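*Asks:* Sequence:
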Amino acid sequence: MSDYAIGDLQGCLGAFDCLLEKLSFNADRDRLFLAGDLVNRGPDSLGTLRRVHALRDNVHTVLGNHDLHLLAVANGTIPSKRKDTLSEILNAPDRDELLGWLQQQPLLINLPEHNAVMTHAGIPPLWSLAQASQRAAEVETVLRNHSAGTFFTHMYGNTPAGWDEKLSGPDRWRVITNHFTRMRFVDQAAELDLTSKGEPDLPPAGFIPWFQHPGRIVTDTRILFGHWAALQGHSGVDKVDALDTGCVWGGSLTALRLDDLVRIQCHC
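For what it's worth, full-length UniProt numbering labels the leading residue of the sequence shown as 1, then goes sequentially.
Treat the hints as calculated values from the structure; they're not laboratory data. Note that the structure is a prediction, hence the values are computed from the model and not measured. Note that CB positions come from ideal geometry on N, CA and C, so glycine has one too. Please note that a few of the clues may not be correct.
[As the list claims (entries may be wrong)] What follows is a list of derived Cβ distance ranges for each label pair:
1. Lys81 - Val262: 31 to 39 Å
2. Pro160 - Gln134: 13 to 21 Å
3. Ser24 - Leu261: 17 to 25 Å
4. Thr150 - Ala92: 24 to 32 Å
5. Lys81 - Asp171: 18 to 26 Å
6. Glu113 - Val218: 15 to 23 Å
7. Leu202 - Asp260: 28 to 36 Å
[Unchecked claim] Derived DSS-like pairs (lysine-lysine); straight-line CA-CA distance at most 27 Å:
8. Lys197 - Lys81
9. Lys22 - Lys239
10. Lys239 - Lys197
11. Lys83 - Lys197
Could you put the whole structure together from the sequences, leaning on the hints where they help?
*Replies:* Dropping the structure here:
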């Protein structure tokens, strides 16, 4: 039995199948932990979502910003964007089954057997792991009940930029979601910059990558995350493992074998 953490699929079914073959993945024995963004921008979002759903007993995923965007579009909150590749999912005969399953997925997965935690974008630097788990659970509960429509209606936006325990309702849900699914750069107060997507060594003025924050709460728990293809799979920080190696942009799809931290890749 082996466990693997895999970066953003983004509709790249061919690369995912290549990686499954290279891993000799056995659904009765092995487990996959996916860092979110299963869909969008790639050539086969529907096929990718169907493949993950078919393997759901042994494949676990967190939600990424593109997954939440798909759910918001399906909810009628916002129209598809020009670069989206979601129409096949939205028009599929099994869309309700696929989207219903996707909406039940978490923002954060704890992997105690590997002393690790996974989210799409990382763990906010000034949040303890207990706080991160509790705040992720708040949004997961909203997504799984009658408040989901309200959540999607208010999901988009870059404010509040920082955490405040006094926040409530949609503002609180939005800032939690932004931290787990969109975070890259933060300032000294750990507030988010959500407008920049550039190289980690060229941050906007006054900002740094979240994992370089001098006040980051550091533990022995390994942080597994995707979302930031420009990192090319390397954070440069011990036990902070970047998994998105830009498959959809012509890079590679990467699996990190959690038993020995060996990386296996398929070029896209």
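*Asks:* Taking the hints in turn, state whether each one holds.
*Replies:* Verification of the supplied hints:
At roughly 37 Å, the beta-carbon separation of Lys81 and Val262 lies within the given 31 to 39 Å, and the hint holds. Take Pro160 and Gln134: their Cβ atoms lie about 18 Å apart, and the range 13 to 21 Å holds. Between Ser24 and Leu261 the CB atoms are about 18 Å apart, so this pair conforms to the stated range of 17 to 25 Å. Look at Thr150 against Ala92: about 26 Å separates their beta carbons, and that is inside 24 to 32 Å.
Distance hint for Lys81 and Asp171: a CB-CB separation of about 24 Å, consistent with the stated range 18 to 26 Å. Taking 15 to 23 Å as the suggested C-beta distance range, the pair Glu113 and Val218 conforms, at roughly 21 Å. Between Leu202 and Asp260 the Cβ separation comes to about 34 Å, which falls inside the hinted range of 28 to 36 Å. Among the hinted pairs, Lys197 with Lys81 is consistent with the structure: their alpha-carbon atoms are about 18 Å apart, no more than 27 Å.
Proximity of Lys22 to Lys239 is assessed by CA-CA distance (about 25 Å); at most 27 Å being required, the pair is judged to hold. The straight-line distance between the Cα atoms of Lys239 and Lys197 is roughly 23 Å, inside the 27 Å bound, and the hint therefore holds. Distance restraint check for Lys83 and Lys197: the Cα-Cα separation of roughly 16 Å lies within the 27 Å cut-off, and the hinted pair is therefore satisfied.
Of the numbered hints listed earlier, not one is contradicted by the structure.
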